[in-house]
Amino acid sequence: GDSVTQMEGPVTLSEEAFLTINCTYTATGYPSLFWYVQYPGEGLQLLLKATKADDKGSNKGFEATYRKETTSFHLEKGSVQVSDSAVYFCALWGYGQNFVFGPGTRLSVLP
Amino acid sequence: DARVTQTPRHKVTEMGQEVTMRCQPILGHNTVFWYRQTMMQGLELLAYFRNRAPLDDSGMPKDRFSAEMPDATLATLKIQPSEPRDSAVYFCASGLLRSIETQYFGPGTRLLVL
Numbered sequence: 002g003d004s005v006t007q008m009e010g011p012v013t014l015s016e017e018a019f020l021t022i023n024c025t026y027t028a029t030g031y032p033s034l035f036w037y038v039q040y041p042g043e044g045l046q047l048l049l050k051a052t053k054a055d056d057k058g059s060n061k062g063f064e065a066t067y068r069k070e071t072t073s074f075h076l077e078k079g080s081v082q083v084s085d086s087a088v089y090f091c092a093l094w095g096y097g098q099n100f101v102f103g104p105g106t107r108l109s110v111l112p
Numbered sequence: 460d461a462r463v464t465q466t467p468r469h470k471v472t473e474m475g476q477e478v479t480m481r482c483q484p485i486l487g488h489n490t491v492f493w494y495r496q497t498m499m500q501g502l503e504l505l506a507y508f509r510n511r512a513p514l515d516d517s518g519m520p521k522d523r524f525s526a527e528m529p530d531a532t533l534a535t536l537k538i539q540p541s542e543p544r545d546s547a548v549y550f551c552a553s554g555l556l557r558s559i560e561t562q563y564f565g566p567g568t569r570l571l572v573l
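In order, the protein sequences belong to chains A and B.
Here the first sequence stands for residues 2 to 112, where the numbers follow my numbering.
Here the second sequence stands for residues 460 to 573, where the numbers follow my numbering.
Hints are computed from structural coordinates only; laboratory data are not their basis.
Just so you know, these numbers come straight off a predicted model, no measurement behind them.
Cβ atoms here follow ideal geometry from the backbone N, Cα and C, with glycine treated the same way.
There may be inaccurate statements among the hints.
[Claimed, not checked] Selected chain B positions facing chain A (in silico; Cβ < 10 Å):
{"hint": "1", "residue": "463"}
{"hint": "2", "residue": "561"}
{"hint": "3", "residue": "563"}
[What the hints assert, rightly or not] Computed Cβ-Cβ distance ranges for the label pairs, DEER-style:
{"hint": "4", "chain 1": "B", "residue 1": "523", "chain 2": "A", "residue 2": "53", "range": "39 to 45 Å"}
{"hint": "5", "chain 1": "A", "residue 1": "111", "chain 2": "B", "residue 2": "533", "range": "41 to 47 Å"}
{"hint": "6", "chain 1": "B", "residue 1": "489", "chain 2": "A", "residue 2": "17", "range": "22 to 28 Å"}
[What the hints assert, rightly or not] Stretch-level coverage of chain A by chain B, calculated; a stretch enters the list once three of its residues show a Cβ under 8 Å from a Cβ in chain B:
{"hint": "7", "region": "19 to 33"}
{"hint": "8", "region": "70 to 77"}
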């Protein structure tokens, strides 16, 4: 079945550092890909999405590009802030008509 | 500011007891999802409703879990009997069919079964 793999966390960075969180997937066909963010004590919020190969999703300074050839959707941000500290989930919506989430990567940004 | 609401926010119960969790989707939304989040398993989809009809509940243990939508403003998730391994945070999310990826998550119900 479909699956999503994310880099192990936690990731700890200093403010203004560059962020990359790796995500790869296995799916039938061409799924839609997403990044969700979960702040402490809250539910998940959609951060960005891409629905076809080579699409780039972006929001709040975060970006991710749908790479079909490497089945990847890595999350990047050029300069992180303390307020970006959260858990980040990579997810796909595939032909099975349901969401498959990765395990999540906890990011801590230090001032 | 429309939000998904979930009750109760916290529940502590003893093994064998029935647990009912409730979710009020955002008015007008026609899809509802139930998820379970644990440290070990991460986020798992339990059930998915479209226009109040269950579309997929393959992720749900059928012998003890049940999910229903008695009307468009209420979704319920029941566990009977509850077991310690059911301890988790249960999230409800709602959305629209035409933009299914934009799910709005509730704050979750934190369940502890002793």
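The hints, checked one at a time:
1. Given hint, residue 463 of chain B at the interface with chain A, holds; its Cβ is 8 Å from that chain's nearest Cβ, closer than 10 Å.
2. With its C-beta approaching chain A no nearer than about 6 Å, residue 561 of chain B sits inside the 10 Å limit, and its interface hint holds.
3. Given hint, residue 563 of chain B at the interface with chain A, holds; its Cβ is 8 Å from that chain's nearest Cβ, closer than 10 Å.
4. A C-beta distance of roughly 40 Å is found between residue 523 of chain B and residue 53 of chain A, which places it inside the suggested range of 39 to 45 Å.
5. Taking the beta carbon of each, residue 111 of chain A and residue 533 of chain B are about 43 Å apart, inside 41 to 47 Å as hinted.
6. Taking the beta carbon of each, residue 489 of chain B and residue 17 of chain A are about 43 Å apart, not inside 22 to 28 Å as hinted.
7. Counting residues of the region 19 to 33 of chain A whose C-beta sits closer than 8 Å to any C-beta of chain B gives 1, which falls short of three, so the coverage hint is violated.
8. Three residues within the 8 Å Cβ limit are the bar, and the region 70 to 77 of chain A against chain B gives 0, so the coverage statement is violated.
In terms of the numbered hints stated before, the structure departs from hints 6, 7, 8, listed from lowest to highest.
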